[in-house]
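Visitor: Chains as they are written, first to last, in our numbering: chain A, 1 to 403; chain B, 1 to 348.
These aren't lab readings, by the way, just hints derived from the structure by calculation. One or more hints might be untrue.
Every beta carbon over 10 Å from chain A, so not counted as near; a handful from chain B, in silico [claimed, not checked]:
id, residue
1, L72
2, G120
3, L210
4, R239
5, G242
6, E246
7, T295
8, G297
9, P332
Listed next, the stretches of chain A that the computed footprint assigns to chain B, with coverage defined by at least 3 CB atoms under 8 Å from CB atoms of chain B [as the list claims (entries may be wrong)]:
id, segment
10, 106 to 120
11, 244 to 257
Quick reminder that beta carbons are idealized off the backbone N, C-alpha and C, glycines included.
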Amino acid sequence: MSRREFMRMAAGGAALAGVGGGLLGGCERPGHAGVAIPLPRKTNPVRWPVYSDNEPIPDGLAPEKGATLQIYNWVAYINTAVLDSFCKKYDCRYTLTTFNTMSEAISKLQTGELDFDIFFPTIDVLGPLVEGKLLRPINHSYVPNIHQAWPDFLNPFYDLDWQYTVPYTIYTTGMAWRKDLVDEDPYTMANPWAMPWQEKYRGKVAILDDYREGICLGLMKQGIFDLNTTDVAQIESSLHQLQELQSLVNVQIDNNDYSEVPSGQTWIHHAWSGDMAAAWEYLPAHVSADVLGYWFPPDGKGPVANDAISMLTSGKNPVLSHLFLNYMLDLPNALTNIGFNGYMQPIEGVTAEKLIKLQYLPEALVSTVVLPSNFRTGIEELQLPPDANDAWELAWLQFGGGL
Amino acid sequence: MATAPPGARPLAPAAPSGRSGGRGGAHLRGGSSPPRPSFRERMRARTEQDRRESWRPRGFWALLAIPGSICLLVFFVLPFYVVLSVAAGTLDPIFQSPVPIWNPFWWSAANFAHLYHEAGILWPPFARTIVYSAIASAASLAIAYPVAYFVTRYAGKRKTLFLILLISPFWVSYMMRMLAWIDLLQVTGWVNRVLEWLHVVSRNHPVGWLAGHPATVIFGLIYGYIPYLIIVLYAGLDRIDGRLLEASRDLGLGRWRTFWRVTVPLSRQTVLAGMFITVLPMLGDYYTNQLLSATPGTTMIGNTIEGQLEIANLQGDGAAASIALLVLLLLPMIYYVRSTARASRENA
Numbered sequence: 001m002s003r004r005e006f007m008r009m010a011a012g013g014a015a016l017a018g019v020g021g022g023l024l025g026g027c028e029r030p031g032h033a034g035v036a037i038p039l040p041r042k043t044n045p046v047r048w049p050v051y052s053d054n055e056p057i058p059d060g061l062a063p064e065k066g067a068t069l070q071i072y073n074w075v076a077y078i079n080t081a082v083l084d085s086f087c088k089k090y091d092c093r094y095t096l097t098t099f100n101t102m103s104e105a106i107s108k109l110q111t112g113e114l115d116f117d118i119f120f121p122t123i124d125v126l127g128p129l130v131e132g133k134l135l136r137p138i139n140h141s142y143v144p145n146i147h148q149a150w151p152d153f154l155n156p157f158y159d160l161d162w163q164y165t166v167p168y169t170i171y172t173t174g175m176a177w178r179k180d181l182v183d184e185d186p187y188t189m190a191n192p193w194a195m196p197w198q199e200k201y202r203g204k205v206a207i208l209d210d211y212r213e214g215i216c217l218g219l220m221k222q223g224i225f226d227l228n229t230t231d232v233a234q235i236e237s238s239l240h241q242l243q244e245l246q247s248l249v250n251v252q253i254d255n256n257d258y259s260e261v262p263s264g265q266t267w268i269h270h271a272w273s274g275d276m277a278a279a280w281e282y283l284p285a286h287v288s289a290d291v292l293g294y295w296f297p298p299d300g301k302g303p304v305a306n307d308a309i310s311m312l313t314s315g316k317n318p319v320l321s322h323l324f325l326n327y328m329l330d331l332p333n334a335l336t337n338i339g340f341n342g343y344m345q346p347i348e349g350v351t352a353e354k355l356i357k358l359q360y361l362p363e364a365l366v367s368t369v370v371l372p373s374n375f376r377t378g379i380e381e382l383q384l385p386p387d388a389n390d391a392w393e394l395a396w397l398q399f400g401g402g403l
Numbered sequence: 001m002a003t004a005p006p007g008a009r010p011l012a013p014a015a016p017s018g019r020s021g022g023r024g025g026a027h028l029r030g031g032s033s034p035p036r037p038s039f040r041e042r043m044r045a046r047t048e049q050d051r052r053e054s055w056r057p058r059g060f061w062a063l064l065a066i067p068g069s070i071c072l073l074v075f076f077v078l079p080f081y082v083v084l085s086v087a088a089g090t091l092d093p094i095f096q097s098p099v100p101i102w103n104p105f106w107w108s109a110a111n112f113a114h115l116y117h118e119a120g121i122l123w124p125p126f127a128r129t130i131v132y133s134a135i136a137s138a139a140s141l142a143i144a145y146p147v148a149y150f151v152t153r154y155a156g157k158r159k160t161l162f163l164i165l166l167i168s169p170f171w172v173s174y175m176m177r178m179l180a181w182i183d184l185l186q187v188t189g190w191v192n193r194v195l196e197w198l199h200v201v202s203r204n205h206p207v208g209w210l211a212g213h214p215a216t217v218i219f220g221l222i223y224g225y226i227p228y229l230i231i232v233l234y235a236g237l238d239r240i241d242g243r244l245l246e247a248s249r250d251l252g253l254g255r256w257r258t259f260w261r262v263t264v265p266l267s268r269q270t271v272l273a274g275m276f277i278t279v280l281p282m283l284g285d286y287y288t289n290q291l292l293s294a295t296p297g298t299t300m301i302g303n304t305i306e307g308q309l310e311i312a313n314l315q316g317d318g319a320a321a322s323i324a325l326l327v328l329l330l331l332p333m334i335y336y337v338r339s340t341a342r343a344s345r346e347n348a
């Protein structure tokens, strides 16, 4: 298309803007053809390649002396007490740099000018990170604590033989509600995923600000549990469900489930289990944690996920990085981290009883505890092919823009 | 000849006797003496005179513009070029993240074309943004003008105190002020408590101010940007020559008519400048709505662009949308520049 043709089209577009453009059938993005990267699924587990110019470090190396471990993590997603104790043990220092979104993090890492050692990726971006040679492969001899992890994570489908990742946090996505303000109990409802679609709670309902979680909610409300669908009709149907939700309850879109439900700002909130595990700490004084509820399907057929810890090729301290991975898989350190973070780690010994005993979790919120079985019955939201991903993103943008 | 009231100050130096009916017609327009030089000619002559008499080297004043020009280049032109290069760029084949194209000869229009396909998505937030900004700016003007006028004309010895009070909001960041309002506007916040105390709302049915009301977002915009408007209006109103107002009163206009026929016309350019300083950031604002509402029904165009920028392979679209918004905002800016230039010519 020539520039002149484009200008003519744009002028026409401006005139027709009010009529509305095509939604999910937009034109191809430049560079979309891309590199074919395997899409890990439980039915299609992936063993990522280890490149000859990016091999694991040799066995038996001593940790770097006087080093500063550079950690790149989500905001407020690790207990600095754990970092302090690690540095005390290995006589090093650390710097913690944070990011807000995975795309922001990857954009910075792509520049190749940052020498972070440790990174906390979501599992849906592993393919590009490995193909881009940003991740350092793991030498298993430095990480004996992997055997403290749940068996499901010793050979995960998204990274067979844990070549590039060890597991970090685990969580489910469900429904949080105020038991003292909402009449319904999702555990007795025919379709709890439809809980937010009730006009009588107008102004009191919120859903997560995440395009995958949001569209998945619209799908599950209709009984569709293929949470990685590439079917444009299903994605559009989810969009229509969300638009109906907007007109019914003027739904809010945010990730403040952990504070809004305790404060009573919202009564029903599409929520992450890790956020709700910490929500009782945000309750006003003299309000019991019993008013908080979190629902996840008792049969385990709902969204489950885990984040990971990886080492970056840009890091200057590969041995310390291995030791850090090992340290985070040790039960006492994992428990200290959970005490701050709220999000569980899949380590043997991290159980509901233990968390309640340590007063990390009130009994009222025991449903936020993730079980090993959840990763066999649950459904992961995984990397999508680019075209399908576009359809999800555009549907979410359309919903977010309002009618 | 009309006589001035007792005690009135002369508006101009006393007219030469010839203008008051004497025989000497040399001072009258159309007389034999050469016409008075124009403003532009007088300024040119003055500049030439300054240049001849000045000890400073040639180009001294131009050199003083260098720091400002560098700032403009670094903080506006270069970032703008980066955004344009991203908007006209491509996607990384592995990460699906934007790759800017720096050479204009290789720029692609694909992201702009994609924007065209997303018109149905962008139009509602854009229309909403225009409406919210129009209401908020009109309300801001209605509040700010009387405040600035009061401080200028009637604050007297307390003018400095009022100025400090007007500037004080700048001591706290915009984000912090908005976060404070979240506490105040919560269901159990102080706003509802005061309204309960006044029996405006009942305890059992408090107002959900943060539950997605356009009025809350508009309030946030007014609250956030009105200090800028007041400061600009104050600066402009304070520069109006008091002798013109006195002259108006001397010539028989009352207080209100003086305000409408002298103060308001003379402050037109100031109002225009103040409105630009407040409206432009309102049009690009996204965190006011994000913090005080966060519902699709109040989404502004800034929120949509922010949403695009948070998703790797939509960042090019977001950059293209930013450019499109900028081009749209240039239109009123051009009007402002032309209007200012016209006013300068008229004053000259």
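Visitor: Honestly, which of those hints from before does the structure not fit?
Guide: 2, 3, 7, 8
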